[in-house]
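Let the sequences and hints guide you as you build the complete structure.
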Amino acid sequence: MDMSIFKKFEVRYSANEMIFCEFEPGNEFYLIQSGSVRVVKVINDVEKTLDVLKAGEFFGEMAILENAPRSASIIAYEDCVLLEFNKNNFEMLMKGQPQLAFNLLKILSKRIFDQRRRFMTLTIDDLEVKLYDVLLMLIEKQTNFGVLRPNTVIDANISDIAHWAGIPENECKSVLEKIVSKNKIEILRDQIVVKKPDSLKRTVSQYRKSN
Amino acid sequence: MGIKTVKYKSNSIVYFKGDAPNRVYILKKGSIVTKSKDLKSNEDILTMIKVGEFIGVKNVISNQPYSETVSTLTDSELVVFYKEDFEAFILSNNRIMMQTLVVFSNQLRKIHKDIKELNDQKESSVHSSSDPEENLYELGRYFLKQHKVEHGNYCFKKYNELYPNGKYINDIKTGSLNSVSKKQASSPLGETTKEDDEDIALFFQEGENYMAEENYGKAHECFSKVLESQDGYHKVDALYFNGACLYKLKNYKQCIQNYSTFLSKHKDYNKINEVMFYVGSSYKELGDLEQSKLFLKQVMKRAEGTPLSHLALKELKG
Numbered sequence: 001m002d003m004s005i006f007k008k009f010e011v012r013y014s015a016n017e018m019i020f021c022e023f024e025p026g027n028e029f030y031l032i033q034s035g036s037v038r039v040v041k042v043i044n045d046v047e048k049t050l051d052v053l054k055a056g057e058f059f060g061e062m063a064i065l066e067n068a069p070r071s072a073s074i075i076a077y078e079d080c081v082l083l084e085f086n087k088n089n090f091e092m093l094m095k096g097q098p099q100l101a102f103n104l105l106k107i108l109s110k111r112i113f114d115q116r117r118r119f120m121t122l123t124i125d126d127l128e129v130k131l132y133d134v135l136l137m138l139i140e141k142q143t144n145f146g147v148l149r150p151n152t153v154i155d156a157n158i159s160d161i162a163h164w165a166g167i168p169e170n171e172c173k174s175v176l177e178k179i180v181s182k183n184k185i186e187i188l189r190d191q192i193v194v195k196k197p198d199s200l201k202r203t204v205s206q207y208r209k210s211n
Numbered sequence: 212m213g214i215k216t217v218k219y220k221s222n223s224i225v226y227f228k229g230d231a232p233n234r235v236y237i238l239k240k241g242s243i244v245t246k247s248k249d250l251k252s253n254e255d256i257l258t259m260i261k262v263g264e265f266i267g268v269k270n271v272i273s274n275q276p277y278s279e280t281v282s283t284l285t286d287s288e289l290v291v292f293y294k295e296d297f298e299a300f301i302l303s304n305n306r307i308m309m310q311t312l313v314v315f316s317n318q319l320r321k322i323h324k325d326i327k328e329l330n331d332q333k334e335s336s337v338h339s340s341s342d343p344e345e346n347l348y349e350l351g352r353y354f355l356k357q358h359k360v361e362h363g364n365y366c367f368k369k370y371n372e373l374y375p376n377g378k379y380i381n382d383i384k385t386g387s388l389n390s391v392s393k394k395q396a397s398s399p400l401g402e403t404t405k406e407d408d409e410d411i412a413l414f415f416q417e418g419e420n421y422m423a424e425e426n427y428g429k430a431h432e433c434f435s436k437v438l439e440s441q442d443g444y445h446k447v448d449a450l451y452f453n454g455a456c457l458y459k460l461k462n463y464k465q466c467i468q469n470y471s472t473f474l475s476k477h478k479d480y481n482k483i484n485e486v487m488f489y490v491g492s493s494y495k496e497l498g499d500l501e502q503s504k505l506f507l508k509q510v511m512k513r514a515e516g517t518p519l520s521h522l523a524l525k526e527l528k529g
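These protein sequence lines map, in sequence, to chains A and B. Numbering-wise (the numbering used here), the first sequence opens with residue 1 and increments by one. Numbering-wise (the numbering used here), the second sequence opens with residue 212 and increments by one.
Honestly, I wouldn't trust all of these hints.
What the hints assert, rightly or not - List time: in silico DSS-like cross-link candidates among lysine-lysine, alpha-carbon distance up to 25 Å:
id : chain 1 : residue 1 : chain 2 : residue 2
1  : B       : K248      : B       : K324
2  : A       : K106      : B       : K248
3  : A       : K48       : B       : K327
4  : B       : K251      : A       : K209
Claimed, not checked - Label pairs and their in silico Cβ distance ranges:
id : chain 1 : residue 1 : chain 2 : residue 2 : range
5  : A       : N151      : B       : K218      : 44 to 52 Å
6  : B       : K218      : A       : T203      : 42 to 50 Å
7  : B       : I307      : A       : V147      : 28 to 36 Å
8  : A       : F119      : B       : G428      : 50 to 58 Å
9  : A       : N151      : B       : L505      : 55 to 63 Å
10 : A       : A68       : B       : L460      : 32 to 40 Å
11 : B       : M309      : A       : S199      : 26 to 34 Å
12 : B       : E345      : A       : L188      : 43 to 51 Å
Claimed, not checked - A partial selection of chain B residues facing chain A, derived with a Cβ cut-off under 10 Å:
id : residue
13 : Q275
14 : T311
15 : L319
16 : D325
17 : E349
18 : L373
Please keep in mind that the hints were generated in silico from the structure rather than gathered at the bench. Heads up, the beta-carbon is just placed ideally off N, CA and C, and yes, glycines get one too.
Given below as structure tokens:
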């Protein structure tokens, strides 16, 4: 897509600079041209990185569509160039570039699925089952329609798993070690091998049925 | 392929939960119902679909398996769009595109809210306010506590713009928003007069601000306070900036003293070439050309091709 016509909307941020913060009213929506940003939320006095968005991705659109305060803070992860649109030229952009609007629809719908899935994980109180569900969710994310195959390798480390489960890292580590001792997973440097994902799925389904 | 109308008998399945998402439907006539699981209770929820309503849009757009089973209650007619046709349809219909964006955005915000409530419930001991003014103030405080002064100041600046008469405005105004001397003002967080962690972080930030204004005397005062403190955070950066201030203030001897052990202790520091430049130039100003040459030549070699290397060359020649 030729984006040169949007040059006048260009804004630049240096690494670690705050682009906007949670709870402030938002009138701008951003499209990342280069660099990356962190989506940050402070939950119970812990700063959590919800996502890292890269070139081609959007943020801030919810404030424009709904007139509501920002739902997370955005901090430049690297030096970045963004296109900044306000409510008026957002609609103009969406009308003039329907493919861009459609991409936004794709991103929003994907985020809805991801967050709904996340919610399901958070409802599980048993930590071991919760981590099973996180592992399953990560397998689903990287495979089409969540096909479960033995010895599936997930690109995640202990810190990622703790983040998705919403628990402290040390607690996560000890539960994962328990799961390793049951020979259900193997922890590599930045990867986790899930030996029999279908057995994890059965346990999670049984837990959900009985609760 | 193409857009077509399909008739279904009563009690037929249109699609099952988990099926591949390749079609979007619109109910044209009759009555259909979707059956899905409630995320919170895990119970089945049945939802009646109104005539004219779309089904399966989110799944088709994001290529996620259908998340509910859809069946007819009576004989019904549905308009069926295959994936490609639906994309073409929505791309040419801006009004529906914008409406769908708003619907999705609402759904996303709702799920974010549910997640927040769930987290709050699980950690009920932690107070969580629904007041955006308080939340914004607390967010600023959080960043300050974490020594993320720029982020804290950003939140307070926003607070100042949004709530000029807000309940925390005095705390903020006497605090970090402006470069106020900490000895004259109360703590930004109104907690203690001791030079605690937040104060040190604020002195550092003030020092940086003074540097930007080229007020090296004031900047030197701020960095000295950081260096005097027990807090190790920011110390290496403060030592670097302090040396730069001393150089700018023409206190060459002190500048060399400031950096005396820097090169051996922090040889991986990201501005180590600048440190060498300040030391080399200081020696030059003090008339020790031999020492000066040693440092400046190193800078030229290590920072080859950068403006700093040119500066070093200029110093060597000058």
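Worksheet item: Can you name, in rising order, the numbers of the hints this structure does not satisfy?
Response: Result: hints 10 and 11 break, sorted rising.
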